Structure formats: C-alpha cells, structure tokens
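Visitor: Single-letter residue listing:
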Amino acid sequence: MPQPRKLVQGNEAVAEGAIAAGARFFAGYPITPSTEIAEILSRRMPEVGGSFLQMEDEIASMGAVIGASLAGVKALTATSGPGFSLMQELIGYAAMAQVPCVIVDVMRGGPSTGLPTDPSQGDVMQSRWGTHGEHSMIVLVPSTVLECFTLTVDAFNLSEQYRTPVIVLSDAMVGHMREAVALRVEDLRLARRGEPDCDPDEYDTVVSTLDHILPRPDLGSRFRVHATGLVYNRRSGAVDTSDPEVAADLGLYLREKIYHHRDAIVRVEEVGTEDAEIGLFAYGSVARSARAAMKAARKKGVRVGLLRPITLWPFPTGAVDRMAEHVETIIVPEMNIRQMAWEVQAAVAGRAKVVDLGRVDGRLITPAQIEELIDREVDHLRAR
Amino acid sequence: MADDGRLEVRVSGSGGQGILLAAAVLADAVAAAGREVVQTQSYGPEARGGASQAEVIASLEEIDYPEVDLADLSLCLSQAAFDKYARLTRAGGLVLYDSGLVDEMEIPGRRLRGLPFTDTAVHDLGAKVVTNIVSLGALCAFVPWLPPDAVDGAVAARVPARFKDLNLRALEAGRRLVELAEAGIAIEGAEDHDARGAAPVAEAEDRPIECEPCADER
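Chains U and B supply the protein sequences, listed in that same order.
Per the working numbering, numbering through the first sequence is continuous, rising by one, with the last residue being 386.
Per the working numbering, numbering through the second sequence is continuous, rising by one, with the last residue being 260.
No lab work stands behind these hints, which were simulated from the structure alone.
Among the clues, some could well be false.
To be verified - Below, a list of computed lysine to any residue pairs in the SDA-like style, where the Cα atoms sit at most 25 Å apart:
(1) Lys301(U) / Glu78(B)
(2) Lys297(U) / Glu104(B)
(3) Lys259(U) / Asp220(U)
(4) Lys302(U) / Arg48(B)
(5) Lys126(B) / Val362(U)
(6) Lys302(U) / Gly142(B)
(7) Lys301(U) / Asp111(B)
(8) Lys8(U) / Lys170(B)
(9) Lys170(B) / Gly142(B)
(10) Lys8(U) / Lys126(B)
(11) Lys301(U) / Glu373(U)
(12) Lys302(U) / Asp381(U)
To be verified - Every beta carbon over 12 Å from chain U, so not counted as near; a handful from chain B, in silico:
(13) Ala69
(14) Glu97
(15) Glu109
(16) Asp125
(17) Gly142
(18) Arg153
(19) Pro186
(20) Ala203
(21) Arg211
(22) Glu214
(23) Arg217
(24) Val220
Remember, predicted model here, so these are calculated numbers, not experimental data.
Using N, Cα and C, we set each Cβ at its ideal position, and we do this for glycine too.
Only chain B is shown next, with the shape it has when bound in the complex (with noise of 0.2 Å):
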C-alpha cells in the first residue's frame, strides 16, 4: 500500500459468479470506512460465461485515474481469471484464489493462497451462489484497516432481506478460512505457496494505438 493510503484490488472470475456485486460491496464497505473509492469493471457481452473483472481502488487521497493497472490484491475465481490477471499482481501483492478451480502455477514476486471458497459455500452454506461473498469475506480479512463491520453492512444493503442471514454467514465463513490458513491450520483443499523471492515483475501489456502524425507535423 502506497503513503496516501491506495489500495488496489482485482476480483475477476467469469460472468455470472458475481464478480461486480462482490466487488460493488467492498466498494460500499469502503465508502462506509470513510475512505475515497472508486470501481470499475470490465465485462464481455455475454450474460454468462465470458471474462469478467471489476476493480476497486481505495485510498485517503482524492482518486484520478479510476483503473488498476497492478493490484496489491487480486482475487481470481476461475482458471482463466487466474491465467490472465494473477499476473497483473504488484511484487509483493497477494493473490487469492479459489483452491478448487484453478490450478495454479508459481507466479514469481506474488504471494498465492488458494482456499476453498466453492466448496465452503456448497458444502458448509448450502448455495453456490454465495461462493463470490465467502471469497470477499476472506479478501477483506487482508485489509486491516477495513471494519468487518463494514463489510457486513455493505453485504446486508445489497442483497435481497430474505438472503441477508445467508450472506452474512458467508462473510464469516471466509474470514474463517483466512483465520485458519493464517494460524496454520489445515484446511481440505487449500494451498498455500509464498513467494520465494521477488523476481521482477514483468509490466502490464498496454501498447498504445500507433496513429499517423498530427496533422501539424506533416
């Protein structure tokens, strides 16, 4: 995290996992802290299926440039989310992602932590449908600064009333697995790999378009 307090996260995942909600909810919970936020996100023309990604950028400092170029946290829901944006991860940024649907491979410089965000949610909650807020639960036990309170609050104002308790516990659920991959605790399915290293880091791909001169140069 940089002096004026910028936080830059990543949620990314395929269309339909929830990806924009959980990352409008941790907009709110921000917002909520006090802090400036702004979120974007990037989304392809499918109603499922597709890449989609949406970013968050906090910070104690009024917010110019409103998108993420290297997150100090990535959260990747899919392989392909994984494959494509775990890399656009800061030196020394953690990635998060879900143990049971990505095989990783060892990015140099990042911190990877894999947990069972699909499993918990089918397993432990019963519904699928939440396995993007017990993988925000977790995502928000990184940042220190953010009550989970916050967090909580954000979860109960975006989601239908009938589905607050059900949310709530998904919260929970994932700070838990944090909470327990911290202490060292054996979880079934997750995986933890830290960064042996900081390599450098390769700069993210942004070629701009080459256009003919200016029509005073010609």
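If we strip away everything but chain U, and leave its shape as in the complex, we get (with noise of 0.2 Å):
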C-alpha cells in the first residue's frame, strides 16, 4: 500500500534518515538553522532505544559520536558553520582512525556567527579540507526533502562500507522547507557493522585492501582493536611515526580507499544535457532555481542542460568531463564566492568558458538571476 505524503521539514527527515538508518545514537549541541534535527531526535532516540545526549559544545559532540562508533553503535552529529568549525579536528580523528560516523552539515551565512538564519553554501570547501592533513571525504548535498532523508541513509551506508566520516551537507533553505513527501523505509537498503571475515587471533595479520575494506570490530568485541590519531601500521594497528614507509602506505590508503571507489560513491543528476550549449553546475537549493531557469530558457528555444551534485565530494570530474566536451559555456551558481566554480574550472580546463554566479547576503539565488547570465551568454554566442 502507498504510504500517504505528509508535510516534512527537511531537518525532520534527516533525523527520520538517521533513524531509519540504524543511527542509534546523536551527540550534539544545538545551532540555527540545524536545531530541529538535535530536537527531533532527543525524543525519537529514546523511542527506538537509543541515546541522545546534548553536550557542552561540539568538540565534546564530535567526541562522542567517535566513541559511540567505536563501541559498534551508528552515530550521528548535527551542527552549522560554527559547531562545524569546531568539530573538524576530530573529523580528522576519525578519517585517520577510520571510524564510520555522519556529521549533518546546515550550512548558514558566514563567517563567524555570520546570518544565523539564513542559507548559504560557504562550506563547501571546508567540508573537504576543513581538517588537517590527507584525508579523503564523502560529502552529500540534499536539493529536496525526499533527499533530506534518502541522502541521510545513504551517508551511513557509505560511512559503514568505507569506514569513513561522511558529510551530509545541507543548508537553511533545504533543512527549514517543507515539502509533501512520503518516507519510505521498507525501500531502503541498510550497510550492517558486522564483523572482519578472519579469525580474532589472525586480525593482526589480515588487511584491508582497496577492494576489500574489513570492517571495524567494535571495543568489547573478540577482536584486539586500537584506535588512535597518530599514524599507525595498517597491518598490526600498532603507533608508528618512525617509519616514512609506513606512513606513506597509511597516508594514500585513506585516500585511495575513497578514490579508488569513486564511481560507486559520486552521483549526479544530468537533465538535459545531451543536447545542451549552455550548461549549469548547481548543487543543494540552489539546483533547484538552476533547474526553474533552465525550464524557462528551453521555453525560450535555448538549449541549457543542468548538472547537479549529489555527491559533491569526490567532485564529479567524470560528468563535467562529459559536459564539457560539448557545451560553450558551464554557470556555476552558488550561495558563495567561487569555492566549486575553481573546481569546476580545474575540471573542464578550457574547454568551455566557466562563469560563476554569487551570492553571499543570505538569500537564495534566483532563477531570474540565472536567466539574465544564460542572456548573456547566449548572446555572446549568438555574436560570434
């Protein structure tokens, strides 16, 4: 039987994401315009017997989540530009010690405490290099409700399989909208924990390949486990910062182990780009006024396709390719100065002209806006 559409709040169906994941455990301190998810789940946790707690800031949230992982229970933060600043030490902490976990993302205006209200994509960049180091990272960025919610299972899924931090990184705009929608659980495929195939006495000796990542055995677990920041030996787990060698090999695995997976993690939503001239790049709200302009300018007889992030980290350097190999122009706009339009640019390398479309005082770029740009371009098109 179809499951009735009920009004949601995308804040809300990440934290019905995260449940109907398996997440079992948030840590948290609240923030605009991420509140909702920490409100939500302080009373649906202890529904599904698991644990909610509020802590004093978001490094202790951060910490927690790590040591709820650790202990075999799927985890889950929810915080905003601030708290996200805070947390991205221990971010690090678990990409090095390999600890799967979901950080939520609400991007608002910043810097500092910014417009607290109101929606950008200002951490986009700092969702994949805001810690320290060489590390790879597993960014999503929900467009709708609906993926709000998918978008949340699917972190944890990855977050298991690849045993990583993965972001979901949503904004004001998406995490406040509400939308009719219906939250199909009995749909969703879930990753399990369980345990590495081999013998508790071989772990030592059993490791990881890039087509075969062992899970994490929890603590308690027959398994010796060891989790730590420094950089370690992958085949004992032992502390080793005297051997170049074996940081090396530690260092390109945790990059590689994501890299090398990178068509079975990156999605992205093409729409009419086989026959585009125009092209745009937008991820998160603001695809949603890229794709009203592009509606509108197919109306006018213009030929615009749109490209849209789902996975925004690793970039999807595979279908820029493909679009730039046959549009003129590719429009980047974003709720920032540039951060993905670089990206993009690096990707095309000048096979097509890349334009970037700002904003950054906290409202949402329009389709006009994006309209006048496709003008424009058209135009200089049309000139030549």
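The two chains are supplied separately, each in an independent frame; assemble them into the complex guided by the hints.
Guide: Structure below.
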C-alpha cells in the first residue's frame, strides 16, 4: 500500500533518515538552522532504544559520536558553520582512525556567527578540506526534503562501507523547507557493521585492501582493537611514526580507499545535458533555482542542461568532463564566492568557458538571476 | 493564479505571532488537497519581535524555485510586515491585514482587505494567541479549491489536543469575517479598499552582488 504523503521539514527528514538507517546515538549542541534535528532526535532516539546526549559544545559532541561508533553503534551529530568549524579536528581523527560516523552540516551565512537564520553554501570547501592533513571525504548535498531523508541513509551506508566519516551538507533553505513527501522505510537497503571475516587471532595479520575493506570490529568484541590519531601500521594497528613507508602506506590508503571507489560513490543528476549548448552546474537548494531557469530557457528555445552533483566530494569530475565536451559555457551559481566554480574550472581545463554567479547576502539565488546570465552568454555565442 | 494551478502565499508578522505555524498548517492543508506544496520561511535571530515571514507555494506541477517573489495572496499581521511585504504582492493580488494593528495606505493595483483578526481572537474567542488561526481561516476562504475540511484537519493535527476546539472555532471565526465582509455586512473595525485602476507594479528588489570577473575573463 502506498504510504500517504505528509508535510515534512528537511531537518525532520534528516532525523528520520538517521533513525531509518539504524543510527542509535546522537550527540550534539543545538545551533540554528540545524536545531530541529537535535530536538526531534531527543524524542525519537529514546523511542527506538537509542541515546541522545546534549553535550557542552561541538568538540565534545564529535568526540562522543566517535566513541559511540567505536563501541559499535551507528552515530551522528548535526550542526551549522560555527559548530562544524569546532568539529574539524575530530573529523580528522575519525578519518585517521577510520571510524564510521555521519556529520550533518546545515549551512548558514558566515564566517563566525554570520547570518544564523539565512542559507549559504559557504562550507563546501570546509567540508572537503576543513580538517588538516591528507584525507578523503565523502560529502552528500540534498536539494529536496526527500533527499534529506535518502541521503542521510546513504551517508550511513557509505560511512560503514568505507569506514570513514561522511558529511551531509544541507543548508538553511533545504533544512527549514517543508514539502509533501512519503518517507518509505521499507525500500531502504542498510549497511550492517559486521565483523572482519577472519579469526580474531589472525586479525593482526589480515589487512584491508582497496577492494576489500574489513569492517571495524567493535571495542569489547573478540577482536583486539586499537584506535589512534597517530600514524599507525595498517597491518598491525600499532603506532609507528618513525617509518616513512608506514606513514606513506597509511596516507595513500586513506585517500585511495575513497577515490578507488569513486564511480560507486559519486552520484549526479543530469537533465537536458545531451543536446545542451549552455550547462548549469548547481547543487543543494540553488539547484532548484537552476532547474527553474533551465526550464524557462528551454521554453525560449535555448538548449540549457543541468548537472546537479548529489555527491559533491569526491568531485564529479567524470560528469563535468562529459559536459565540457559539448557545451560552450558552464554557469556555476552558488551561495558563496566561486568555491566550486574553481573546481569546475579545473576539471573543464579550458574546454568551455566557466562563468560563476555568487551570492553571499543570505538570500537564495533566483531563477531570474541565472536566466539573465544565460541570456548574456547566448548573446555572446550568437555574436561570434 | 497561473495555468499550472500555482498559488503563491506570503504570511508575515512579528516573531511570536505564530506566523510559521499558520504557514505550516496552510501547507499541510494543500498537501491534503493533493497538490504539490513547498513552504519556506525567513526570520531574524530573535525569539520574540523582529520580522517574520513564511511562504507557501501550491501547484499542480513540480515546484522548483521554493520562494515567493510577488505573492498572489499576502497576509500581514503587523505594521512592519505590512510596510515591508504588502507591496510584494502581484498586481491584482489580495492583501489581507489585521485592521486593528495596521494603518494601511493605498497600494496601487492590489486589493486590500483589513479584518479585525486580533480583536476577534481577543473578544470573541477569549484568546489572543489564536489570532494567527483566525487570519488563516480568513485567508483560506479566498482559495476556492482548498476544502475547509482539509484546513480543519491540518489545524487539528498541529495543535495540542486540549486546544483543538478553540483553534477550530478560530478558523470558523476567520471564515465568518470574510463571509460578512464579502456580503457587504459592516464589521466593526473592518476596512476594504478595492484597487482602482491597475498601476504598474514595481519589481521586487533583487540585486545580485557584484563579483569580480571570473578567472578565465581576467
């Protein structure tokens, strides 16, 4: 029987997605515009036998999430820009120690306290490079309320599969938006933690490969578990900061275990890109404006296509490649100044003109703004 | 309303008046009526006071851009909200406002309708807190395809059980205000100013920031 559609807020959909994914631990510190996630989970977690902790700050929140995950429970936290900044050091720890966990960042205007109640996309680079050192990151960007639900589930699955922190990068617009959706729990495929498929005594001698990443055994299980932020030997798990080969092996592995699986991880939506002369690269809430602008332009007979990254990191280089091969111009509207436009430009490598459209006043980019730019670029093309 | 059945509504007032709740209830009702709906909001960092506004878009088609530029239907529950948002109503659109709180002025091309929402909540229902629901009842009376049952159901589902009857009576009181006003029966405190001659509508202010040229143009 089809589930009835219900009016759901983006943040509510994230909370329900976490529960549906099997998360049973939340630690956080409330901050606009993410607060509803904590508020809802403070009620929902106890209902499903999980735990909710309000911590003293975001550093402690991230620490608690890592601890819960090491103990075997799927765990998440939710925050916004200022809190996300505080979490960065321990996000690096989770990447280094290969602890699965999910961090939801509902972006607001910044830097600092900035525009607490207004949307922004200013954290797209922070989500990739906010923590220090070489590491890889998986970042998913919802554009609808339904995606707030499905991508939170995906985030948990990816984090378990690749033993890595995964970030759901929402924004104040998507997080506070309400849409009529049916959140279908029965259709979901969920990753389970499991144990390494070897004898506990052999665990020291078995090592993950890029194609066979062993699950992280829980603290207190039959396996001897060691978690550390120092460089460690991937085979024994022992700290070893003196051997450059050990450090290189770990460093490259932490990066490649994600990039090797890029094709499986990266998801994009491509609309009207086959015959496009002008491409739009837009993500999150701005992708909705881009889609409206694309439809308006096509009504006027201008062949515009939309590339919408659902996975923002790893960067969807392949999809940008495909677009760059046949469009003349790629327009990148985003609620920041050129953060992803630079990345698009690097991937395009001169094959098409890249035009950025930035906005940092706490307002969503409008379809009219994008249409205006499309018209200008069409004039340039026709004048050639 | 456009061909795709699109209706854009803006509800505005000050923080604490229940603006966001009224918009969420309206969106619930639209969803129950089987249409596509998106509801967004903007408010300041204050818990009380400050400007608060919420928007609801209903459509028979998928809704891309989630915000309202010029509304078909505006509801203003404070002077500041009226001053800021009444003019962001399309030509021929309707501005509903609380006649007890707003000293309105003429806005060319829009129909203005002042009704005593707060007075009705205080004197007829004995609860100022339901002013938002009284005004919601009035607003929904101007949306012919929205069944009153859907609005009643949405309110009943959103408010605590012990306040359900009060809120349903508030909705009904709001509808009644519109009925009387439309029938031309005098309501104490009500004001009606039909637009005379549609003057050109000023476009909503929407200035993009100025960016330096993109790198490949340098």
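Visitor: Would you mind marking each hint as holding or not holding in the structure?
Guide: Verification of the supplied hints:
no., hint, in the structure
1, Lys301(U) / Glu78(B), "holds, 22 Å"
2, Lys297(U) / Glu104(B), "holds, 12 Å"
3, Lys259(U) / Asp220(U), "holds, 21 Å"
4, Lys302(U) / Arg48(B), "holds, 21 Å"
5, Lys126(B) / Val362(U), "holds, 22 Å"
6, Lys302(U) / Gly142(B), "violated, 47 Å"
7, Lys301(U) / Asp111(B), "holds, 21 Å"
8, Lys8(U) / Lys170(B), "violated, 29 Å"
9, Lys170(B) / Gly142(B), "holds, 13 Å"
10, Lys8(U) / Lys126(B), "violated, 32 Å"
11, Lys301(U) / Glu373(U), "holds, 12 Å"
12, Lys302(U) / Asp381(U), "holds, 13 Å"
13, Ala69, "violated, 5 Å"
14, Glu97, "violated, 10 Å"
15, Glu109, "violated, 6 Å"
16, Asp125, "holds, 19 Å"
17, Gly142, "holds, 28 Å"
18, Arg153, "holds, 26 Å"
19, Pro186, "holds, 20 Å"
20, Ala203, "holds, 17 Å"
21, Arg211, "holds, 23 Å"
22, Glu214, "holds, 23 Å"
23, Arg217, "holds, 22 Å"
24, Val220, "holds, 24 Å"
Checked against the numbered hints given earlier, the structure breaks hints 6, 8, 10, 13, 14 and 15 and satisfies all the rest.
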